[in-house]
Every structure is written in structure tokens, then in C-alpha cells.
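S.K.: Protein chains in written order, with the working numbering: chain A, 931 to 1010; chain B, 5 to 286.
Check the hints yourself; a few may be wrong.
[Stated by the list, open to error] Derived DSBU-like pairs (lysine-lysine); straight-line CA-CA distance at most 30 Å:
(1) B:K166 x B:K136
(2) A:K1004 x B:K117
(3) B:K81 x A:K1004
(4) B:K46 x A:K939
(5) A:K1009 x B:K167
(6) B:K187 x B:K117
[Stated by the list, open to error] Quick list of the computed label-pair ranges, beta carbon to beta carbon:
(7) B:D39 x A:E965: 36 to 46 Å
(8) A:G1006 x B:L280: 54 to 64 Å
(9) B:A281 x A:E947: 55 to 65 Å
(10) B:G119 x A:E973: 47 to 57 Å
(11) B:H222 x A:I978: 37 to 47 Å
Rather than coming from a laboratory, the hints here were simulated on the basis of the structure. For every residue, glycine included, the Cβ atom is placed at its ideal position computed from N, Cα and C.
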Amino acid sequence: MVEAGTHEKGDVFVSIEDGKREVIIKSKLERLYGEAIRDTVEELTRGIEAKIIVEDSGALDWVLRARLEAAIRKYGGEKV
Amino acid sequence: MKLRRTRLYIPGNNPHLVENAGLYGADAVILDLEDSVPITQKFDARILVKYSLQNVNFGVSEKWVRINGIGTPYWKKDLEEILPYCDVINLPKVESLDDVDTADQEMSLIEDKNGIEPRKLVPIIETVKGLKNAREIATHPRVVALAWGGEDLTADLGIPRKKALILDYVRAEIVLAAKAEKKQALDTVFSDVRDMDALYQYAQRARYMGFDGIGVIHPNQIEVVHRAFRPTEEEIEEARKIIEAAKEAEREGKAVISLNGRMIDPPVVERARKILALAEVD
């Protein structure tokens, strides 16, 4: 399993683990932004066969994109 | 020359702080990938900083990134990721001209690959060896300013920072090394974020020592430092008189400028110009 981000205010925590494709989104602002978050997650993780969990603490879209990219690249094997 | 009175340090892995960094009017914002980022977060921080440079409005602030030092496994990755999107690279623990050359070569490769203009470099002198070589380090054409760091330097000397007697010498050496090459000299941070009077004194002392700015670690420090770097009314008045005398001498075709029977040398006129330029800011 790989992780990126934190649970701090304005951030988002992303984890990706081996398994059947599944996207789980948890956000306190789910009613307002749930759909937008899901669209970004689906767009950036398309084709990745894994369990993807996104726990949002009020992150802006660019933060979500940065954390997703970090998690995806780590899942792809990048380390340093 | 670009004003660099304040450079605001922001931890590179904190999106909330990064998002707001441009709101305070610092002359520069430093997104930090070095000391404020734990090893376990280096990867995430680098990518977060890349995205922030592309998406956050940093207002009037010049965009700096403090990357990890060239003795670490991170610095090349840092540069590769963020160089195209920032204005200045702040390189810690620089000890020699060779260190600057090493960074310069890597930066040139990335700039060529991306077809971008050369980015600027501000080395941080924070070891005894670095201090000894500061004059050489300042000669590199990519270097626009020298900064220094007190904690690491006093640790390298093995003395407690608060009792260190050598720091005025260190400051003088940084200023001389930078100014001899017509580069800027940048003093280190003042870490008590509550004591604004002491901060004002510290910043004004830095100015009279020959520095062009200091580092800040809290937005509340910015206005105080800018005020401390503003020339006093007396200095402004004196500068105005000197410039007026220079203009008069030019009008009358005189080779020598004089004011109240005193001869004014060209460097004095130049200083007066700098003072008036600084007074007009804000």
C-alpha cells in the first residue's frame, strides 16, 4: 500500500492498495464537493486496477491533484 | 535590482499555508523542501510545491524554492520537478564554488530540456567552510545574493547560538563577499515572532550592516521589516539635496558636485539614488 498527503486542514489523504478497482471517497464536504472530488479522482486514476481511498479535509482541487499524483507515482514504484 | 527585504519561509508540505503565502506582500516567498519537511514527506512535498507554483497566486512575491542540499539524495529530483515553475533556487549548505557549479550544471540541463530562461540561485552559507569560501561562491554568475544560516553555522563551530560572539564577523563577511560582486546580502531570520520591537531593531541593524533583507517566519513580521528597511526622513532629505546638487552641477556643466561647500563623490550620489528608490517603495 502507498499513501500521500495528510489529514490536516486543507489537505487530503490518499491511499492506494492492490486489489480490485474500487474508489472510496470520504469528505466532510461530500454534499457540496463529493462529485467534483470523484470526477478528479476518476480522471487521474483511470486504468489503475487498485483500491483507492481518498479522505478529504477541505483540499482545493490542485492539492487533490498533487496528492493523487504523488500516490500514483509511488504506487508505480518511485521512491526518493 | 529586485527588492528582497523579506523572504517568507513556508513549509512545502502544508497546503493550507502554501495557499495563503502570497497574501501578505513579502518580497519573496520560499517554499521549503528542506528542514521543515520530514524525510517521510519529501516526495509528497516536492509534488505539492510543483502544483502550488502552477496554481497559487503568489501576488507580488518572487517565487523561491529551498531545495535539499547537494549532499542528499533529493536535490536533483527537487530541481527536476520544480525548476520550470519558480524564479529562484535557494540552495542550503553551500560550501564551495564547486557546489554552485554542480547545481548550476543540473539547472542548465533542466532549463535546456524545458526551453526556459536561466533561473537565479541564492546559496545559503551555513558552515565554517562555506563562510571561508563565501567570496568565491558569490562570483558565480547565477548567484544573485548570499544568505546565511545561524543555527547550522554555530552548530558547526560547536557554540551555543545565543552566546556566539562570532556572528557579527560572520555577517560582515557575508556582506563583503556579496557586495564585492555587486550581489545582494540577506540576513538570517529573527525567530521570536511575538517581539515586534526587537524585530524592528534587528532588521534596522541588518540594514545598517549592509544587508538588503532578512528572512521571516511569520506574516506579521513582514510589515515591521519593510518599515525597518525604509530610509529615515533625515536620510531621505539628505539624499534629495544630494540629487538636486548633482542635477545642478550637470546643468551648469561642472565636473565637481558640491553641497554646502562639501565635495560630493559619485558613490555618494549613487547611494542617494538608492535611498530615494527605497523610500518610494510601498
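S.K.: Going through the earlier hints one by one, which of them does the structure break, listed in rising order?
M.R.: 5, 10
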